[in-house]
Amino acid sequence: MSRKNNYSAYLYILPHGIFYLVFIAIPFILGIYISLNRWSIVDGREAFVGLKYYIRLFDSDFVRGGHFWNSLWVAAQFVIYFTPFVVLISLGLAILVHNCGSKLARAGSQFSFLVPTAISISIIAVLWRWILGSDIGILNFVLSSLGMEKKPWLIDVPWAWFAIILPTLWMACGWNMVLFIVGMQRIPETLYEAAKVDGAGPWKQFIYITLPGLRPITNFIVITQLIGAFNLFAQPQLLTGGGPGRATTPVMLFLYGEAFNPRYPRLGAAVAMGLVTGIIIFSIVAVVYFLFSRKKE
Amino acid sequence: MKTRTRFWKASHIILLFILSLSFLFPLYWMLITSFKLEHENSLWPPTMWPEKFTLENYVSILAHPEDTPLFSWFKNSFIAAASYSVLSVIISLLAGYALARMTFWGRKLYLTLLLIALTIPGIILIIPSFIVVDFLGWTNSLKAIIFPALSGTFGVLLFYQFLSKFPKDLEEAAVIDGASNFRILISIIVPHTKPLMLTLLILNFMGNWNDYFWPFITLYSPSMRTMPVGMATLQGRFEHFYGIMTAGGVLMAVPSIILFILVQKYYIKAITLTGAIKE
Amino acid sequence: MPMRNCVFFLLLIAALIISPKPILAKEVTLEFWNGFTGREGRGIQKIVDSFNKEYKGRIRVNMVVMSWNDFYGKLALAVHTKRGPDIGVVHYDNVYTAIYQGIALELDPYLDKFPKEDFVKSVWEVSDYNTHHYGIPLDVIPLAFYWNKDLFAAAGLDPEKPPSNRAEFLVACEKLNQADLKKNGQKVWPCMIPCTWPHFLLWQHIFFCNGGQMFNSDCTKARYNSPAGEDALQFLWDLVNKYEYSPRNVMGLPANEGKESFCRGTCAMLIEGPWMLSSFEEIPELNFGATAAINLGTGEHRIWSSGHTVIIFKKKSSEPVQISASVTFVEYLSAHSIEWARTNAIPARYSVMSSEEFKKIPYLPQIARDVDKFTFPEQHYRYTEGVQPLVTEYLNLCLINKMSPHEALVKAANESTTQLQQDSD
Numbered sequence: 001m002s003r004k005n006n007y008s009a010y011l012y013i014l015p016h017g018i019f020y021l022v023f024i025a026i027p028f029i030l031g032i033y034i035s036l037n038r039w040s041i042v043d044g045r046e047a048f049v050g051l052k053y054y055i056r057l058f059d060s061d062f063v064r065g066g067h068f069w070n071s072l073w074v075a076a077q078f079v080i081y082f083t084p085f086v087v088l089i090s091l092g093l094a095i096l097v098h099n100c101g102s103k104l105a106r107a108g109s110q111f112s113f114l115v116p117t118a119i120s121i122s123i124i125a126v127l128w129r130w131i132l133g134s135d136i137g138i139l140n141f142v143l144s145s146l147g148m149e150k151k152p153w154l155i156d157v158p159w160a161w162f163a164i165i166l167p168t169l170w171m172a173c174g175w176n177m178v179l180f181i182v183g184m185q186r187i188p189e190t191l192y193e194a195a196k197v198d199g200a201g202p203w204k205q206f207i208y209i210t211l212p213g214l215r216p217i218t219n220f221i222v223i224t225q226l227i228g229a230f231n232l233f234a235q236p237q238l239l240t241g242g243g244p245g246r247a248t249t250p251v252m253l254f255l256y257g258e259a260f261n262p263r264y265p266r267l268g269a270a271v272a273m274g275l276v277t278g279i280i281i282f283s284i285v286a287v288v289y290f291l292f293s294r295k296k297e
Numbered sequence: 001m002k003t004r005t006r007f008w009k010a011s012h013i014i015l016l017f018i019l020s021l022s023f024l025f026p027l028y029w030m031l032i033t034s035f036k037l038e039h040e041n042s043l044w045p046p047t048m049w050p051e052k053f054t055l056e057n058y059v060s061i062l063a064h065p066e067d068t069p070l071f072s073w074f075k076n077s078f079i080a081a082a083s084y085s086v087l088s089v090i091i092s093l094l095a096g097y098a099l100a101r102m103t104f105w106g107r108k109l110y111l112t113l114l115l116i117a118l119t120i121p122g123i124i125l126i127i128p129s130f131i132v133v134d135f136l137g138w139t140n141s142l143k144a145i146i147f148p149a150l151s152g153t154f155g156v157l158l159f160y161q162f163l164s165k166f167p168k169d170l171e172e173a174a175v176i177d178g179a180s181n182f183r184i185l186i187s188i189i190v191p192h193t194k195p196l197m198l199t200l201l202i203l204n205f206m207g208n209w210n211d212y213f214w215p216f217i218t219l220y221s222p223s224m225r226t227m228p229v230g231m232a233t234l235q236g237r238f239e240h241f242y243g244i245m246t247a248g249g250v251l252m253a254v255p256s257i258i259l260f261i262l263v264q265k266y267y268i269k270a271i272t273l274t275g276a277i278k279e
Numbered sequence: 001m002p003m004r005n006c007v008f009f010l011l012l013i014a015a016l017i018i019s020p021k022p023i024l025a026k027e028v029t030l031e032f033w034n035g036f037t038g039r040e041g042r043g044i045q046k047i048v049d050s051f052n053k054e055y056k057g058r059i060r061v062n063m064v065v066m067s068w069n070d071f072y073g074k075l076a077l078a079v080h081t082k083r084g085p086d087i088g089v090v091h092y093d094n095v096y097t098a099i100y101q102g103i104a105l106e107l108d109p110y111l112d113k114f115p116k117e118d119f120v121k122s123v124w125e126v127s128d129y130n131t132h133h134y135g136i137p138l139d140v141i142p143l144a145f146y147w148n149k150d151l152f153a154a155a156g157l158d159p160e161k162p163p164s165n166r167a168e169f170l171v172a173c174e175k176l177n178q179a180d181l182k183k184n185g186q187k188v189w190p191c192m193i194p195c196t197w198p199h200f201l202l203w204q205h206i207f208f209c210n211g212g213q214m215f216n217s218d219c220t221k222a223r224y225n226s227p228a229g230e231d232a233l234q235f236l237w238d239l240v241n242k243y244e245y246s247p248r249n250v251m252g253l254p255a256n257e258g259k260e261s262f263c264r265g266t267c268a269m270l271i272e273g274p275w276m277l278s279s280f281e282e283i284p285e286l287n288f289g290a291t292a293a294i295n296l297g298t299g300e301h302r303i304w305s306s307g308h309t310v311i312i313f314k315k316k317s318s319e320p321v322q323i324s325a326s327v328t329f330v331e332y333l334s335a336h337s338i339e340w341a342r343t344n345a346i347p348a349r350y351s352v353m354s355s356e357e358f359k360k361i362p363y364l365p366q367i368a369r370d371v372d373k374f375t376f377p378e379q380h381y382r383y384t385e386g387v388q389p390l391v392t393e394y395l396n397l398c399l400i401n402k403m404s405p406h407e408a409l410v411k412a413a414n415e416s417t418t419q420l421q422q423d424s425d
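If you read the sequences in order, they're chains A, B and C. Residues in the first sequence are numbered consecutively from 1, following my numbering. Residues in the second sequence are numbered consecutively from 1, following my numbering. Residues in the third sequence are numbered consecutively from 1, following my numbering.
You can trust all of the hints, since none of them are fake.
Each computed SDA-like pair below joins lysine to any residue, with the alpha-carbon atoms no more than 20 Å apart:
no.: 1; chain 1: C; residue 1: K46; chain 2: B; residue 2: A63
no.: 2; chain 1: C; residue 1: K183; chain 2: B; residue 2: E51
no.: 3; chain 1: B; residue 1: K194; chain 2: B; residue 2: I90
no.: 4; chain 1: C; residue 1: K411; chain 2: A; residue 2: F62
no.: 5; chain 1: C; residue 1: K402; chain 2: A; residue 2: G245
no.: 6; chain 1: A; residue 1: K103; chain 2: B; residue 2: H12
no.: 7; chain 1: C; residue 1: K26; chain 2: C; residue 2: V321
no.: 8; chain 1: C; residue 1: K149; chain 2: C; residue 2: K187
no.: 9; chain 1: C; residue 1: K314; chain 2: C; residue 2: R83
no.: 10; chain 1: C; residue 1: K411; chain 2: A; residue 2: G66
no.: 11; chain 1: B; residue 1: K143; chain 2: A; residue 2: I26
no.: 12; chain 1: C; residue 1: K183; chain 2: A; residue 2: S144
no.: 13; chain 1: C; residue 1: K183; chain 2: B; residue 2: E38
no.: 14; chain 1: C; residue 1: K373; chain 2: C; residue 2: W124
no.: 15; chain 1: C; residue 1: K182; chain 2: C; residue 2: Y243
no.: 16; chain 1: A; residue 1: K103; chain 2: B; residue 2: L21
Just so you know, the hints here were simulated from the structure itself, not pulled from any lab data. Predicted model only: the values in this text are computed from it and were never measured.
Model the full assembly from the supplied sequences, consistent with the hints where possible.
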């Protein structure tokens, strides 16, 4: 197979390389450049401002800086509230489906859980806005028939968080369930048989064989959710409008408002905020990754 | 003992059944609402079945192609997703093959660059990419939805990983016979990676089809939009008319669901692929 | 024979060269951007289509529509791109922004085509800046007051006489509450106060009726936490929490529960924009009345207004022929604004407002009756930034009962002032 410096390889790499250059490398460098300058609509680059947009974020008097940190906290809250539920529910569904005796029931339920993953987020958001509407939404109807009070799902915290998390769970659990099922299928049957011989019941088997066996896939899911959670955009935009106040305005929605701001597109500042966010995300993911890999037994 | 396990088995199935119904209920609700007359949506308690079955919501959407060019949206989504998925598979295969099988200066460097790209949070690149796309004059054109994403590194790494583990004997035999790299690629590699290619194709197709944020910021005239963005438009126009909005939702979700049903097996494989790359 | 052909050919070429008619007259294409979707979009498209027909071969206008948020978001970056807009429609409070951003063209040389006296004065002045004029008003959009005539009758109120001031409004609310009406098993509310947009419009309307002023003259300090502002917010808060004439937690944007409720007949009175007329008219069972927003303040009756202005963009790459074509189109648009009025907009020209055709449009003439009371928010390019805390956060927090009106306004004013004294970039 090996040939000395195969020049034709460059031809094979070239298509991808061009796109990589134009849409990853250049934007990355361009981003840094943009964040160091003030930009005007008419004149383009107006002035070099150096690290102003970065330093400003750490000035507690800077109003928009406060909004930025708030949006990061909102994104973090989403991760904290969402990740445990998505892992637990997906795992639960996976256990139920994987261990089900009837093939028909398995196929049918897997299908039901997976269908929402195939639908676009904007359709899901609008649908759930209809379901969660305070006045005539069906969820409040179910609650009131059970004797509970109608809740302002889209308007007030903490219910607004449910409004964001419920549709996201609905959309994501099927996907992660499949990952868990595959993870379970990869655990060798022999381990379970050995445990049965030792007299371990199903519960013990679960704790000592299944869970550890699923650790890699769980790590993967947690890290993916961590990274993906910062992209949260459609649900708050279409369901809660970012409210009440800024309580559900995550970083992507906030940056969108800043960069595409109707009155004063704040390109330099927005890109700087994006870079700071990126560094923070990267650091968190790196820490989590190392924590997880250290735990390897 | 037997009846006990049968009991557990049965209740297990019943539990799954109930959960499945709960998951499907929102879709049912969307479907049902789309066939109701608008005033029925304000009834309390809400009705589980339309009092009067009507198609007027669908007519409202389909009758105004100036506002809601559903067919254009569908066409745009399809062209973009199809072009993107086919191109991405080809490009990824070529690059992955070269990285896995050929030696050249910069090979390790390129691999490192790919891994770095995988770890860069997308949020850093969004605004600058938009500016690049705008500079190229691609805003409000399908080019903005098709080409930038071809820089993705997932597909390349996928093929690289797969081909690295792939046994070389067939290729070595072909080399002895004097076949060029390209011939090897076409006649040996491609047939053996067909399932992988197909899976990646479907994964990328659906990802592009359902993408919301990027088309939202790059496409702005009604006729150029893709379906997810069109759905958000519907909300702006018909914010109060839930019958019409759910009808729109149904019209736009149905193609996705049909596609999903057709390729379910590969779709599931695709999901597992995304998990495999990290190993 | 070849000689004769040559001569003929040469004569032909000579004729073409010295002929005054342009042989290859290039059709000028104009990009016209706006945010008019739905029925409004269709109305303006009609005018665009008839213009294209009349000017076929000479000028072609290509209309590009998107949501207003998208429009403003993309506008600033788009004006200078290759396929960017030549003409656009902006809201009144964005004319100054466009001027400040340097993308609005001075229209002084073309004002002979637009008789100033024919335009509603307050509306025209909005496009004046530094002795130059930058926009041609298309319409005026006053805040409107809607009431459900059937519900009025059922509560013992005169369906043809809506309340005209705060006291009468409260009386009407009380009567509606006491009548304890129900529709489809749901309670009928006298009014609905939204917790999110358009809550700001309601508040600002009452604020104007109280004679309030939003900012100081150079827009560096917020002045809206004055007694005028507090009274306005307190009144709204009272309607929800003290009198309970409006339910709590009425969702505005991204939904619009107040409007939905009015459409369903479970809300008797609503203050919303006139853009809702089309939606209400589409519901045959809804028997409603509309007038300009009533005086819910304690002072002189002022009616909150906005409106659309047409501006021509000052692009780096504009050619004179494009600009004159743009002017022609704007002139046409303005002259044909009766067609625009049919989409339920009040035209900015007196001549159109007093025309017979306008008087035939339902509801609009009544809303336009008090045109001299239409009040516009202050014009300053940092105005929108200054009201941001109110619009995004503090009005909302007060109306969902997380803060008192006083606290909300003080906090918002502090944040506004601080933000206005920081850079806008």
